[in-house]
Amino acid sequence: MNLSEELTIAMSPHGLFGFKIFGMEIFVTDTIFLMWIIMAIMIILAMLLTRNLKLVPDGKQNAAEAFVEFMQKFSKDNMGHHSKHFVPYLGTLVLFLAVSNTISIFNILPVGSLMKTITGNEAFGELVLRPPTKDINLTVILALISIILVIFSSIRFKGVKGWLQYHVEPSVILLPFKIMDYFVRTLSLSMRLFGNILGSFILMELVFAVMPAFVPAVFSIYFDLFDGFLQAYVFVFLTSLYIGEAIE
Amino acid sequence: METGLFAIAAGIAVLTGFGAGIGIGIATSRAAEGVSRQPEAAGKITTITLIGSVLAEATAIYGLVVALIILFVKWPA
Chain A
421 MNLSEELTIA
431 MSPHGLFGFK
441 IFGMEIFVTD
451 TIFLMWIIMA
461 IMIILAMLLT
471 RNLKLVPDGK
481 QNAAEAFVEF
491 MQKFSKDNMG
501 HHSKHFVPYL
511 GTLVLFLAVS
521 NTISIFNILP
531 VGSLMKTITG
541 NEAFGELVLR
551 PPTKDINLTV
561 ILALISIILV
571 IFSSIRFKGV
581 KGWLQYHVEP
591 SVILLPFKIM
601 DYFVRTLSLS
611 MRLFGNILGS
621 FILMELVFAV
631 MPAFVPAVFS
641 IYFDLFDGFL
651 QAYVFVFLTS
661 LYIGEAIE
Chain B
2 METGLFAIAA
12 GIAVLTGFGA
22 GIGIGIATSR
32 AAEGVSRQPE
42 AAGKITTITL
52 IGSVLAEATA
62 IYGLVVALII
72 LFVKWPA
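Listed in order, the protein sequences are those of chains A and B.
Take the first sequence: its position 226, counted from the start at 1, is 646 in the numbering used here, and no numbers get skipped.
Take the second sequence: its position 66, counted from the start at 1, is 67 in the numbering used here, and no numbers get skipped.
Among the clues, some could well be false.
Restraint-style ranges between C-beta atoms, simulated for each label pair [as the list claims (entries may be wrong)]:
hint, chain 1, residue 1, chain 2, residue 2, range
1, A, Asp601, B, Lys75, 31 to 37 Å
2, A, Asn557, B, Leu16, 26 to 32 Å
3, A, Phe490, B, Gln39, 22 to 28 Å
4, B, Gln39, A, Asn482, 31 to 37 Å
5, A, Leu645, B, Phe7, 31 to 37 Å
6, A, Ile452, B, Ser37, 46 to 52 Å
List time: in silico DSS-like cross-link candidates among lysine-lysine, alpha-carbon distance up to 30 Å [what the hints assert, rightly or not]:
hint, chain 1, residue 1, chain 2, residue 2
7, B, Lys75, A, Lys578
8, A, Lys598, B, Lys45
9, B, Lys45, A, Lys496
10, A, Lys536, A, Lys504
11, A, Lys504, B, Lys75
12, A, Lys493, B, Lys75
13, A, Lys598, A, Lys504
14, A, Lys440, A, Lys474
I should point out that these hints are in silico values taken from the structure, not numbers from a laboratory.
Please read these numbers as outputs of a predicted model, since none were measured by experiment.
Yeah, the Cβ is synthetic: ideal placement off N, Cα and C, and Gly gets one too.
All chains should be built: construct the whole structure from the sequences, respecting the hints.
So this is what it looks like as structure tokens:
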């Protein structure tokens, strides 16, 4: 098998197991399964960090409080005084994206073979810890959630009339552009995340193919860690920018 | 058969990175100038530079996505 075929297989999502619902066969792909793993890690971490909270914070509580305060300040800077409604969504999003973009540094853990021995399902043998955000289906859904949140928060804080008014301000000529804006924003949000993560993933695979030892570790600091965190921040930043523009 | 032509097409699509590189370079150089003139505005300048760089970078990413589509989608012969 040559490199190009290997890359094609690594890039495309493959089904792990399926079930029938309303006569339709639904496949759980490795993207969804990795999301479950990430969700489990995040829920366990959140429970550990917020267990027996004290008035005077110590160690782990300090870390949790620092993150929450950072998100509150970040939202306030970008969205003004309605910002407190959006802190939970943005915080969840940035944590999820940060973990999922950088999960490939834990690639050494044998999750696939472990799941194979537990469940006896052959398909799990193919499961490797790769960023689920390199699957375009996930990034499109995340972008759609963000854009729908923008529309709903605009209606919630300005009323239906104010939301409709926004499309014809300052002139009616802008109406088609403002409507087009929703599609362009969805496209650019999803494509940016997908393209960056997939690009760095392919680059890392190529580096691995050329030199399997030491060199990938150096590149991984930039392509996995820095780029992953930056893209998570950028996605949340743009979402908050759009929301701030819609509700002001 | 014509895989070579597909590879060349993908290479041309990735040339979008050229413009993105120039754009981000200009944005960053101006940001550095701004910070050296007014160090107290560094926080705001960083944010604006980040937005600008990200928007400029989008073109390069579109090029990459188009190149990947050219390379990996099975085109009818």
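Verification of the hints:
Between A/Asp601 and B/Lys75 the beta carbon distance is about 33 Å. The supplied range of 31 to 37 Å therefore holds. Look at A/Asn557 against B/Leu16: about 28 Å separates their beta carbons, and that is inside 26 to 32 Å. Separated by about 25 Å at the C-beta atoms, A/Phe490 and B/Gln39 satisfy the suggested range of 22 to 28 Å. Between B/Gln39 and A/Asn482 the beta carbons are some 33 Å apart, a value that agrees with the proposed interval 31 to 37 Å.
Taken as a hint, the range 31 to 37 Å holds for the pair A/Leu645 and B/Phe7, whose Cβ atoms sit roughly 33 Å apart. Between A/Ile452 and B/Ser37 the beta carbon distance is about 49 Å. The supplied range of 46 to 52 Å therefore holds. Only pairs whose Cα atoms come within 30 Å are accepted, and B/Lys75 paired with A/Lys578 is rejected, the gap being roughly 47 Å. Proposed proximity of A/Lys598 and B/Lys45 is supported: the alpha carbons are some 27 Å apart, at most 30 Å.
Among the hinted pairs, B/Lys45 with A/Lys496 is consistent with the structure: their alpha-carbon atoms are about 14 Å apart, no more than 30 Å. For the suggested pair A/Lys536 and A/Lys504, the alpha carbons sit about 43 Å apart, so the restraint of at most 30 Å is broken. Distance restraint check for A/Lys504 and B/Lys75: the Cα-Cα separation of roughly 47 Å exceeds the 30 Å cut-off, and the hinted pair is therefore not satisfied. For the suggested pair A/Lys493 and B/Lys75, the alpha carbons sit about 47 Å apart, so the restraint of at most 30 Å is broken.
Of the supplied pair hints, the one linking A/Lys598 and A/Lys504 holds, its CA atoms being roughly 26 Å apart against a limit of 30 Å. Of the pairs offered as hints, the one joining A/Lys440 and A/Lys474 is violated, with about 48 Å between alpha carbons and a cut-off of 30 Å exceeded.
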